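Novice: Line by line, the protein sequences are chains A and B. Residue numbers for the first sequence follow this note's numbering, so the first one is 5 and each next one is one higher. Residue numbers for the second sequence follow this note's numbering, so the first one is 127 and each next one is one higher.
Certain hints may be false.
As the list claims (entries may be wrong) - A few chain A residues facing chain B, derived, Cβ under 7 Å:
1. Phe15
2. Phe16
3. Arg25
4. Leu29
5. Met45
6. Pro98
7. Gly102
8. Asp104
9. Leu105
10. Leu107
11. Gln109
These aren't lab readings, by the way, just hints derived from the structure by calculation. Computed from a prediction, not measured in an experiment: that's the story for all the values here. We treat Cβ as the ideally placed atom computed from N, Cα and C, and that holds for glycine.
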Amino acid sequence: MVGDDREFLDFFADEFWSLRRVGFLLTGDWGEAEELAQEAMARTFAAWPRVRGYDHPAAFARRVLLNRHRSLLRRALVEARHLLASRPEEHHQPDFGGDDLVLWQALRRLPARQRTAIVLRYYLDLPEAEVARQLGVPVGTAKSLVHRGLARLRTRLGAEYAGERLTSNTEAGR
Amino acid sequence: MTIEDRVRRLLADAVAHEPPPRGAPLERALRRRRTGPTIAGAIVVLVVLALVVALASVRRPDRPPTGPPATTAAPATTVAAVSTAGWPAYVDRARNLRLRYPPGWKLRPGPLGVELVPPEYASSRPGRAKYAVGVAAFPGFYLSTYDWREGTRGRLPGGQAYLQVVGYPDLAPWEGPPASPATAPGRRFTAYVVDWGRFCSTGPKPFCGAHAVRVAVYDANARAFERYRPHLDAIVRSASQLRAAPPSTDGAGRPACRPDQWRLASPFGLSGSSAPHRIFFTGIVRYRGGPACHLRLPLRMTVERDGRALPVTGSPSTATVEGLLPDDDQRRLARLGVHDTPLMWEFAVEEWCNRDLAGATLRVTAEDGRQVEQALPGPSRLQRRQDCRDRGRPAAVAGLP
């Protein structure tokens with residue numbers, strides 16, 4: 005177990021920040037991102053004797069983070085029914101302007117699964133097969149989530165991208 | 127640019143200015159994992175206790191109490207000086223650290239560096255002892271890792287500056303520190319974070335720059351915490367450098383930075399705290415170019431509304447950042463996985479739910495007049511809080527370092 009702990013320390017140093025950034029891209033809130041990343045790391049540590057033998061322990065931690073995010077979304081829906089107060093805009097936001105701001109806001113408004121698929125695909129540059137594994141869906145569904153998410157973003161950005169042919173379906177496994 | 131390339135760029139940009147974490151992330155993650163077993167264990171203990179009490183009351187219904195009520199902490203003690211003569215030494219050559227620990231204590235790798243464990247807890251698993259002293263030396267600046275408003279500052283015998291924070295995980299944040307710390311119920315936490323100076327560490331991840339040493343006791347059993355307070359104090363005070371290193375804020379003989387070499391920035395804005403009444407306004411000094419230099423920059427923060435200063439306790443508050451450019455530029459350090467820099471500044475705002483400061487502006491001004499400002503949240507945030515229990519206390523501000 006002592007050796008495991010040392011290994012986990014290195015794993016934590018290598019992966020925590022990446023998890024935190026993914027958490028931010030999913031939630032838009034660094035505080036929530038940190039909570040998610042810590043929860044993912046805590047659960048990974050609990051399973052570390054098993055997880056350390058995996059080819060990609062980081063994929064396990066990421067999967068925990070995605071699952072936790074999904075359950076938090078469910079809880080938020082329940083809370084929203086009881087709490088009418090609007091969410092305060094007190095969080096650190098990226099300093100975007102113009103079209104980037106439009107795109108960021110559009111990304112934030114995507115359905116959670118589409119947003120998650122896009123973050124995995126285009127921030128972490130995971131191949132679509134791995135995106136599917138992380139989301140726990142068939143590859144076709146993952147492709148569809150990315151495709152539909154991009155389509156919505158393109159619509160939001162307007163004329164500039166109206167005629168663009170989306171290419172994500174041709175990039176499987178890249 | 128295709129929509130995909132644009133999304134890639136946007137996602138990368140969105141996390142390019144990452145705020146520092148609040149608190150030590152590894153420690154918080156490891157403390158979090160204990161919660162489940164702790165709660166489960168507590169339930170089991172309560173059930174067993176209930177059975178024992180029930181049995182005792184059935185067998186001896188008239189027996190009077192024979193002793194004092196149980197307490198969860200030892201009587202109040204002062205920290206008595208303990209000599210470290212003859213104690214074994216722990217040496218971390220890569221991070222330039224030597225310290226001594228009591229004979230008979232077990233030294234073993236722990237989740238946060240090494241653990242020093244008293245004999246009675248030596249059979250516990252790393253990270254799970256009811257009392258263990260964690261020691262770690264790491265790259266980064268010693269301040270801003272913890273909620274420093276709860277801490278006290280001091281210096282080791284070797285002259286290194288430190289911050290000591292003390293926490294009571296079982297007390298609600300609004301309760302504040304207990305009136306009698308030694309006899310307060312519940313677990314204890316304390317950490318000394320020491321400025322270990324500017325040097326080049328070796329090992330798997332070599333780093334040249336500011337370093338810190340953390341000596342901490344996490345969520346300790348109250349009785350053990352009080353019993354070993356003198357030992358912890360002696361361990362901390364025995365810490366010494368193998369090779370003398372200048373303080374992290376030292377100028378290293380460099381010329382003073384010119385005004386055009388830096389700018390004030392606050393990419394993180396406001397951040398929360400473990401205490402619900404406290405908000406931090408955090409920022410950094412960014413490197414703009416020019417030769418390597420030393421920056422010492424006094425900052426002043428005022429709280430304003432409609433352009434007029436509000437009469438808030440501690441306002442205007444001051445902070446002075448001091449470090450090297452470009453070495454301590456946050457973006458450069460972030461690429462190296464180091465997130466605390468001597469050129470970070472922080473001001474704490476305590477509002478105690480009064481809403482006095484709702485919507486007010488925090489304005490941080492450098493000596494030459496350059497400013498950054500940040501609006502505090504409006505009343506909606508405060509009204510939503512369920513845990514504001516201290517209405518009536520005056521708002522206050524303070525700066526670090």
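Novice: If a hint holds in the structure, say so; if it doesn't, say that too.
Specialist: Each hint, compared with the structure:
Of the supplied interface hints, the one on A:Phe15 is violated, with its beta-carbon coming no nearer than about 11 Å to a beta-carbon of chain B, more than 7 Å. At about 5 Å, the closest approach between the beta carbon of A:Phe16 and any beta carbon in chain B falls short of 7 Å, and the interface hint on this residue holds. A distance limit of 7 Å between C-beta atoms decides the matter here; for A:Arg25 the minimum to chain B is near 4 Å, and the interface restraint holds. The interface hint given for A:Leu29 is met, as the beta carbon of that residue sits about 6 Å from the closest beta carbon of chain B, less than 7 Å.
Given the 7 Å rule on beta carbons, the hint for A:Met45 holds: about 4 Å separates it from the nearest Cβ of chain B. Taking 7 Å as the C-beta contact cut-off toward chain B, the hint placing A:Pro98 at the interface holds, the least distance being around 4 Å. Annotation: interface hint on A:Gly102 violated; nearest CB of chain B at approximately 12 Å, more than 7 Å. Hint on A:Asp104 holds. Least Cβ distance to chain B is approximately 6 Å, under the 7 Å limit.
Proximity of A:Leu105 to chain B is violated relative to the hint, the smallest CB-CB distance being about 10 Å (cut-off 7 Å). Hint on A:Leu107 holds. Least Cβ distance to chain B is approximately 5 Å, under the 7 Å limit. With 7 Å as the threshold, the beta carbon of A:Gln109 stays out of range of chain B, its nearest partner Cβ sitting at about 11 Å, so the hint is violated.
Of the numbered hints stated above, those contradicted by the structure are hints 1, 7, 9 and 11, listed in ascending order.
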